[in-house]
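There are 4 protein chains.
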Amino acid sequence: MAFDMTPILTTGQIEEFLAREFPQIHANGPVFECIDVAPRTATLRFHPNEIHLRPGGTVSGPALFALADVAAYVALLAHIGPVALALTTNLTINFLNRADLAPLDGVARILKLGRSLAMLEISIERTDTRTLIAHATATYSIPPAKA
Amino acid sequence: MAFDMTPILTTGQIEEFLAREFPQIHANGPVFECIDVAPRTATLRFHPNEIHLRPGGTVSGPALFALADVAAYVALLAHIGPVALALTTNLTINFLNRADLAPLDGVARILKLGRSLAMLEISIERTDTRTLIAHATATYSIPPAKA
Amino acid sequence: MAFDMTPILTTGQIEEFLAREFPQIHANGPVFECIDVAPRTATLRFHPNEIHLRPGGTVSGPALFALADVAAYVALLAHIGPVALALTTNLTINFLNRADLAPLDGVARILKLGRSLAMLEISIERTDTRTLIAHATATYSIPPAKA
Amino acid sequence: MAFDMTPILTTGQIEEFLAREFPQIHANGPVFECIDVAPRTATLRFHPNEIHLRPGGTVSGPALFALADVAAYVALLAHIGPVALALTTNLTINFLNRADLAPLDGVARILKLGRSLAMLEISIERTDTRTLIAHATATYSIPPAKA
Chain F
-4 MAFDMTPILT TGQIEEFLAR EFPQIHANGP VFECIDVAPR TATLRFHPNE
46 IHLRPGGTVS GPALFALADV AAYVALLAHI GPVALALTTN LTINFLNRAD
96 LAPLDGVARI LKLGRSLAML EISIERTDTR TLIAHATATY SIPPAKA
Chain A
-4 MAFDMTPILT TGQIEEFLAR EFPQIHANGP VFECIDVAPR TATLRFHPNE
46 IHLRPGGTVS GPALFALADV AAYVALLAHI GPVALALTTN LTINFLNRAD
96 LAPLDGVARI LKLGRSLAML EISIERTDTR TLIAHATATY SIPPAKA
Chain V
-4 MAFDMTPILT TGQIEEFLAR EFPQIHANGP VFECIDVAPR TATLRFHPNE
46 IHLRPGGTVS GPALFALADV AAYVALLAHI GPVALALTTN LTINFLNRAD
96 LAPLDGVARI LKLGRSLAML EISIERTDTR TLIAHATATY SIPPAKA
Chain X
-4 MAFDMTPILT TGQIEEFLAR EFPQIHANGP VFECIDVAPR TATLRFHPNE
46 IHLRPGGTVS GPALFALADV AAYVALLAHI GPVALALTTN LTINFLNRAD
96 LAPLDGVARI LKLGRSLAML EISIERTDTR TLIAHATATY SIPPAKA
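Chains as they are written, first to last, in this note's numbering: chain F, -4 to 142; chain A, -4 to 142; chain V, -4 to 142; chain X, -4 to 142.
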């Protein structure tokens, strides 16, 4: 990688920001927990509950999509700060293995952080076994900072 | 298109199947309504409510993902019947315009219906203005029918 | 669709531009032909030859990718003119049916034309039978015009 | 990752197979070189030449697509052997940084190797500087082995 990046927000600052700005992601209980930020990456833990399940007890596609999207958003937030509101323009998700009702980690890695576009990849792994559940790539549009 | 397909389920049969097998998609009220099936296509209307909104009153990415995924699933169901449980293997979604709190139509079109794989494209349009909100393509794995 | 667009270049002007600026796409003979432009869309015909084939006589994935990418580029060019050089930032392609050695049409449709990003979908169909061979969606970054 | 895999072909065996079965990938000179196989991964080096360039001296999108696709195919081949012919069903590629005329490494990693579907991710990096040029994910369909 040609760029070097250091996060400017801590996990605590990220959780405060999410709770203040995105209260609805916790509408069904405190499901997301930012457990790590590091250069170019962030990890978001997801604690699914009954409402996130499909028949058969599998965590649903939209719940996995939300984990990928929020993990990537958090990784961006950690590196560019809360000034600009990044918007998802594109997300591709591959579903690899079924997810039972157990915590999952969304590990987001910044592939590119440009002036107006950022691209990330996200691995969703089961916290206890590290089984890979899904993999996503996403593009975010970064609006120009207001003067 | 080289193939010709006729749906084998009606909109009413699809709604009965969803209500019986996927009660949780109506956990927050009856948000999905199958309004049309026709050769190679199906249309699912989504009635978003407060729980589907992001700050600023925009329908969230996971809610749009769910609409695309369920619309595609319904189009498949209408053409292959409820015998086999199709699984999403891949979904790519592009977000085009912000969606306000208003009904949205997910129009799914079958691009390919093979023996073990199906591919579809889905347009998400605002019901009243027909503004294109998002576009998705998805691949489904169709398990072999049980003897 | 909420926007209305009229092309500002003709098929002849597009072919002149491609021949002048992208001579290498014709390095193996005149394989691309712009056969139509219309509001929000353009059609590029591809005449494959032996060099584009995989074993078994199938048109290769990279050749289909190139058709999708150039068709989308041409649709953009027709609507925004040759002033700005659009760059592909993302392309997702689904391969639906094998393509024999016969002409193919790449039909590109603009889904969104924003200030700095454009999104398109592209259908690749066999010219004679209209069999759908592949389907792609792509995002292009449009650099700011130079003053 | 829940699965453990050991390659069953060497880099030499892979190159022999490609030269015999896919002579056309070397039609413009010996551009691909398999430099490594290891559990779940393979690395393919690409030596671009003038024919792979766009105006401005940038390696073209179709050339990067081909590198991603062949690198993923090689990783699969190394792990399942040459018995079955895997077919690309889906490929998503993100273009991150421009590629000058210099060798590139396509590093493919198997995310899932199922009975009939395989999913991989591919990083394309400049060999000398390790700059990330593009990132792709791809799905391959694995036909049933003939009896």
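By construction, these hints were calculated from the structure, which means they are not laboratory data. Wrong hints could be hidden among the right ones.
Each pair may be met inside one copy or between any two copies, as identical chains are not told apart.
With a Cα cut of at most 25 Å, we get these calculated DMTMM-like pairs of lysine to aspartate or glutamate [claimed, not checked]:
| id | residue 1 | residue 2 |
| --- | --- | --- |
| 1 | Lys107 | Asp123 |
| 2 | Lys107 | Glu10 |
| 3 | Lys107 | Asp95 |
Note that this is a predicted model, so its numbers are computed, not measured.
Here's how the hints hold up against the structure:
no., hint, in the structure
1, Lys107 - Asp123, "between (30 Å within a copy, 19 Å between copies)"
2, Lys107 - Glu10, "within (24 Å within a copy, 32 Å between copies)"
3, Lys107 - Asp95, "between (32 Å within a copy, 18 Å between copies)"
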